[in-house]
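Trainee: First to last, the sequence lines map onto chains A and B. One gets our numbering by counting positions in the first sequence from 1 and adding 87 to each. One gets our numbering by counting positions in the second sequence from 1 and adding 949 to each.
Some hints here could point you the wrong way.
[Unchecked claim] Derived DSS-like pairs: lysine-lysine, alpha-carbon spacing no greater than 25 Å straight-line:
| # | chain 1 | residue 1 | chain 2 | residue 2 |
| --- | --- | --- | --- | --- |
| 1 | A | 511 | A | 127 |
| 2 | A | 413 | B | 973 |
| 3 | A | 342 | A | 189 |
| 4 | A | 341 | A | 413 |
| 5 | A | 511 | A | 379 |
| 6 | B | 1014 | A | 413 |
| 7 | A | 332 | B | 977 |
| 8 | A | 358 | A | 383 |
| 9 | A | 189 | A | 145 |
Just so you know, the hints here were simulated from the structure itself, not pulled from any lab data. Just so you know, these numbers come straight off a predicted model, no measurement behind them.
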Amino acid sequence: MKALHELSLTEASAGIARRRFSPVEYLDALHARANEVGGKVNAIVRPLWDEARAQAVKAGRRIARSGPRSALDGLPVGLKDIIDIAGHPTSCHSRILLDNQKSADAAVVARLRAAGAIFPAKLATHEFAIGGPAFDLPFPPARNPWNTAHHPGGSSSGSGAAVGANILPAALGTDTGGSVRHPASHCGIVGMKATYGLVSRRGVFPLAFTLDHVGPMTRTVADNALLLGMMAGHDPADPGSAAHKPENYARQMKKGLRGLTIGYVRHFHEKDQPASAEMATALDAAAKLLAKEGAKIKTITLPSLTEFAGVNRAILMSEAAAIHGKWLRERPGDYANITLRRLLPGLFMRAEDYVQAQRRRRELVAAVEAAFAEVDLLLTASSMDVACKIDDAEAVELTYPRQARTPFNVTGHPAMTMMCGVSKAEGLPLSLQLVGPSFGEAAIYRAAAAYERAAPWKDLRPAL
Amino acid sequence: MGAMIAMTEEEILARAAGITTGLKTHPKEVAEAIAASRRMAGAFTRPANETAEPMPAYAAPLPAKGSRA
C-alpha cells in the first residue's frame, strides 16, 4: 500500500472525496516528505507550507460541508519561481529580483485557486528560466531525485525534482525551448507543453514571448490531463491566448490506441543528434509497444533538428535581449555567470536575423502541419542521453542541443515527455515524446495513457 | 577634428550594443557572445522567397467594446 505522500493527485482526490483522509493530512504527509528529502534535491526555494495548511483546513471544511469544488479541491501544486502568487516575491531564482513582491496571482494560479488547489512552495528554476545549474546564486540548484549527483534537467528543475521525489504530486513549469519536458525526461515524470496560447502566460516572467508556454508536471498521465484541464482557458489579458474552449482531456484516455496512426520521427535521434544506444533502444521498444497496443506506426521525416534549433535560438535570444537588455547593460555581474553567457548573445543579434528566423519558422510550421495530414501523432526522442552529472559543465552544455523538444516551441504544437525505461548502465530515466496537432492534447493523453498502462514503468520511483 | 581612437571590432560591437560596462567587467563573456551570435545567425536556412511573411503576422486590433467606429 502506498504511503500518503506517494499518492497521485487523482488518488488523493478520490481518498479525500471518500473521507479516508483530509487535505490537511495529505499536505502534512508531503511536508514531512519535504523535511526528510528536501535537502537532498533542493527543489524548494520558498516554502509556503503554513499558508497552504490554512488553505487545506478551509478546503477540508468546505468538502465536508458541500463536497469538493473540483477534482483538485484541497490538493497541492508547486509553482516554478517565475510564476506569480499573490503576497510573495517571484525571484526567478535571481539576485536581481529577490524582492520582486507580487500582489496578484498569475492567471493560471488564479484558475487553479478557483478550483480549490493550494500552493505549498515556490520551486527552483534555472535563473530566469534560461541559465543552467548554477552555484553562484542565492539558492542552490535543484538535483535529480534518481541520483543527486546528476542534473535534474531544466529550466523547471525544482518542479521536476519535487514531483520526481514525491515531495509534491504536481507542479507547474514553463517551456520556451523544452524546459517542462527536459526535467520531465530526466526525473522520470510526465511533462506537457500544450499548444501555444492554450494556457495563459499572464503573471509569468517572460523569457521569449512567441515561444513561452506554461505546462503541468506530474507523475501520471491522468494527473497531467486533470491539471491541464484546470489550467487551460482563454485569457483576454494575454495577447497570445487562444480562444479555445477548455476540454475534458481525461475523457478519451480509456479509448486505447486502435485507429491511431503514429508517425515515428527516427531521424531526430538516429541521424540529426544520434542518441545513446540505450535511449535509441528504448524508443524502438516504445514504438513496438504502441504498435502492439493497436497503433499503426509509420516513419515520418521532418526538417532537421539543426534547423529547428537554429530558429529557436535566434528568436529566443532576440526576444530575451529585449527583456534583459537594461540589466545586462547596467548590472551584468548580478547574473550567474552561466546565465550571463546564455543571455549576452541576444544583444548582438541583428534585427534582420530575427525576422529571417520568424520567416523560416513559418516554413517549419508548414512542414510539421504536412506531417499531421498523414498521421494523428508523432513519436520522437525527448533527450538523447540520460541526465549528466550536475557539476560537469561541458556535459550540461551538451544537454541543450542534444534534444528534440525545441521544434515544438518553434511550431507551437503540443508535446509531452514521459518515461520509457531506466538506463541499466546508470539507473536514470529514459524518455520519449509524443506530439499532436494544434489543440490535439486529448489524442496525446489517449496514447500516453495507453502506453502507461501497457509499459512497466508507472510505479518505478527513485529510492532517495 | 578629434583624434581617431583605435578600437577593436569587439569594442565597436559592444559599444553599438550598449554593453560598455560588460565589456570592462566581463570581456571574455562579451567576446564569446559576439562569436555565438554570429554562429546563431548562420544556424538556419534563409527562406528562398524574399517576400515571405514572417511569423507571427501582424493583425490590427478588433474594434474595442463601445468603439465609435
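Trainee: Which numbered hints does this structure break?
Mentor: 3, 4, 6 and 7
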